[in-house]
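Participant: As a plain string of letters, each chain reads:
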Amino acid sequence: MEKIIYMDHAATTQVRKEVLDEMIPYFNEYYGNPSSIYYLSNFSKMAIDKARERVAKAINAEKNEIYFTAGGSESDNWAIKGVASKLRDKGNHIITSKIEHHAILHTCEYLEKLGYEITYLDVDEYGMISLDELEKAIKNETILISIMFANNEIGTIEPIKEIGEIARKHNVIFHTDAVQAVGSLPIDVKDMNIDLLSMSAHKLYGPKGVGALYIRKGIKIDSLIHGGAQEKNKRAGTENVPGIVGLGKAIELAYAELEENTAKLVELRDYMIKNIQNRIPEVRLNGHPTKRLPGNVNICFRYIEGESLLLSLDMYKIEASSGSACTSGSLDPSHVLLAIGLPHEIAHGSLRLSLGKKNTKEEVDFVIDKLVTIVDRLRQMSPLYEKNQEGK
Amino acid sequence: MYSEKVMDHFMNPRNVGEIENADGVGEVGNPKCGDIMKMYLKIEDGIITDVKFKTFGCGSAIASSSMATELIKGKSIQEAMQITNKAVAEALDGLPPVKMHCSVLAEQAIRKALLDYSKKTGVKIEGLDENEFNEDDLHEIEVED
Numbered sequence: 235m236e237k238i239i240y241m242d243h244a245a246t247t248q249v250r251k252e253v254l255d256e257m258i259p260y261f262n263e264y265y266g267n268p269s270s271i272y273y274l275s276n277f278s279k280m281a282i283d284k285a286r287e288r289v290a291k292a293i294n295a296e297k298n299e300i301y302f303t304a305g306g307s308e309s310d311n312w313a314i315k316g317v318a319s320k321l322r323d324k325g326n327h328i329i330t331s332k333i334e335h336h337a338i339l340h341t342c343e344y345l346e347k348l349g350y351e352i353t354y355l356d357v358d359e360y361g362m363i364s365l366d367e368l369e370k371a372i373k374n375e376t377i378l379i380s381i382m383f384a385n386n387e388i389g390t391i392e393p394i395k396e397i398g399e400i401a402r403k404h405n406v407i408f409h410t411d412a413v414q415a416v417g418s419l420p421i422d423v424k425d426m427n428i429d430l431l432s433m434s435a436h437k438l439y440g441p442k443g444v445g446a447l448y449i450r451k452g453i454k455i456d457s458l459i460h461g462g463a464q465e466k467n468k469r470a471g472t473e474n475v476p477g478i479v480g481l482g483k484a485i486e487l488a489y490a491e492l493e494e495n496t497a498k499l500v501e502l503r504d505y506m507i508k509n510i511q512n513r514i515p516e517v518r519l520n521g522h523p524t525k526r527l528p529g530n531v532n533i534c535f536r537y538i539e540g541e542s543l544l545l546s547l548d549m550y551k552i553e554a555s556s557g558s559a560c561t562s563g564s565l566d567p568s569h570v571l572l573a574i575g576l577p578h579e580i581a582h583g584s585l586r587l588s589l590g591k592k593n594t595k596e597e598v599d600f601v602i603d604k605l606v607t608i609v610d611r612l613r614q615m616s617p618l619y620e621k622n623q624e625g626k
Numbered sequence: 002m003y004s005e006k007v008m009d010h011f012m013n014p015r016n017v018g019e020i021e022n023a024d025g026v027g028e029v030g031n032p033k034c035g036d037i038m039k040m041y042l043k044i045e046d047g048i049i050t051d052v053k054f055k056t057f058g059c060g061s062a063i064a065s066s067s068m069a070t071e072l073i074k075g076k077s078i079q080e081a082m083q084i085t086n087k088a089v090a091e092a093l094d095g096l097p098p099v100k101m102h103c104s105v106l107a108e109q110a111i112r113k114a115l116l117d118y119s120k121k122t123g124v125k126i127e128g129l130d131e132n133e134f135n136e137d138d139l140h141e142i143e144v145e146d
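Keeping their order, the protein sequence lines are chains Y and H.
Position 84 of the first sequence, counting from 1, maps to 318 under my numbering, and the rest follow consecutively.
Position 99 of the second sequence, counting from 1, maps to 100 under my numbering, and the rest follow consecutively.
Check each hint, because a few of them may be wrong.
List of simulated lysine to any residue pairs, SDA-like, C-alpha gap at most 25 Å [unchecked claim]: (1) Y:K595 x Y:S270; (2) H:K33 x Y:N294; (3) H:K33 x Y:E579; (4) Y:K284 x Y:N294; (5) Y:K297 x Y:S270; (6) Y:K604 x Y:V517; (7) Y:K621 x H:F134; (8) Y:K621 x H:K6; (9) H:K33 x Y:G575; (10) Y:K237 x H:A88; (11) Y:K621 x H:D117; (12) Y:K551 x H:D117; (13) H:K33 x Y:K237; (14) Y:K466 x Y:E624; (15) H:K76 x H:M2; (16) H:K121 x Y:E620; (17) H:K43 x Y:E516.
To be clear, the hints were calculated from the coordinates, so they are not data collected in a lab.
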């Protein structure tokens, strides 16, 4: 394969060698079904147990509060549908935000069809929800608050601890989609009053197809997947043992190296943002300047469209993503960029570069050099740019 | 996802730019939807002697504009009127179904530039109707692929 510059870590990450090494024996050596009672299966059982302990430790939970799933989307679906169905006699109102991942938004839209009422909180220009508005939205029928820990597109980190306090005060269950946060930000479910938390392994250098839902002791939710007695009767299906092992190892490594990685990424991120802003006119940083994920750079380039930007970058094997409509298959640009108040035409020109462990300053410099050329080329072709220059 | 031809016309677009004192200029699309095409025509004795474009849009919008200019350059007005979105897409070795509207935009840009020429000069062009350019409908147009 040609050398690529991968700057799409918010989409997925490469499985780390240490993680892969630990997973491999569980494909072909210790392949026993963990539900079986014989010798071979003890290895799988022990492996799952160890992974559960590692995941729990990473977010300051108890081991028996971690339930393995097939990924972030399943965890989100389970949390929301599980609470909605369990508490349907208590109330039918759920509070979430306009910038959630589609795994949350589309699940909520599905529940609306079933008669639930959903409040979608607005966010400010940085993508922050308002705690006042959250508290005002709570009513007697409110059974769940689901607010993401950090946004996947613009990287904004929500005031999770304060949201948790409000939820606890009003005795409402608090779920957070922490898919982008786990492995990148310190998380303490006890201190932050989190009742339910979704995570996914492949965002933190683990494998795809595995995740977990943290369910605080005492919180009762209905199952999503019915069948066998796995995961204490709460999540059926033979466990993805290699995947679970991978999640355990990946999360342990991520938190062992958190400080060092964060420092490196924040420096690289801010360097990249500053240099793009210095070298390319009429750009806009999306998201919060400081309360943002360590590796997230999200910038709009006026007068050009995101997909053509991505295609041009891909010519240099620079891999990134965009909130443009043309990359989503719909006509509207990203719901997140619209929610922070960007007009459609500017939202179409967004670029997300999500940095990871292996990215270097040299790569960042190379990407910025190419961006300068590409943005200029596309602007020269754009009738919007021409109009704007005439106006000056 | 794109053919080599689309990528070639995206990376090396033909006829980019503007024509000063063009005989016909047509702009279609909408920045809200993420694409605008502007086409400039130079017409002499019923022949399109020069054509240029500017486009804000995705890769296939830029490639469709570029291909459309190649298809009509040197052709008569009547020949240009025969260029359909399908012809543009086929000349690009196909477009993904979700991108077919880009070829529709290219067809519309040609027609709108011709309409402008017709209005400026009083030359009647058969088959052109001012009401066909409702931009809100553009994305709703049923396209053959």
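Participant: Hint by hint, note whether the structure agrees.
Facilitator: Hints, one by one, checked against the model:
no. : hint            : verdict
1   : Y:K595 x Y:S270 : violated (50 Å)
2   : H:K33 x Y:N294  : violated (45 Å)
3   : H:K33 x Y:E579  : holds (5 Å)
4   : Y:K284 x Y:N294 : holds (15 Å)
5   : Y:K297 x Y:S270 : holds (22 Å)
6   : Y:K604 x Y:V517 : holds (15 Å)
7   : Y:K621 x H:F134 : holds (21 Å)
8   : Y:K621 x H:K6   : violated (30 Å)
9   : H:K33 x Y:G575  : holds (14 Å)
10  : Y:K237 x H:A88  : violated (37 Å)
11  : Y:K621 x H:D117 : holds (19 Å)
12  : Y:K551 x H:D117 : violated (42 Å)
13  : H:K33 x Y:K237  : violated (36 Å)
14  : Y:K466 x Y:E624 : violated (67 Å)
15  : H:K76 x H:M2    : violated (31 Å)
16  : H:K121 x Y:E620 : holds (23 Å)
17  : H:K43 x Y:E516  : violated (33 Å)
Violated hints, listed in ascending order, are 1, 2, 8, 10, 12, 13, 14, 15 and 17; each of the other numbered hints is respected by the structure.
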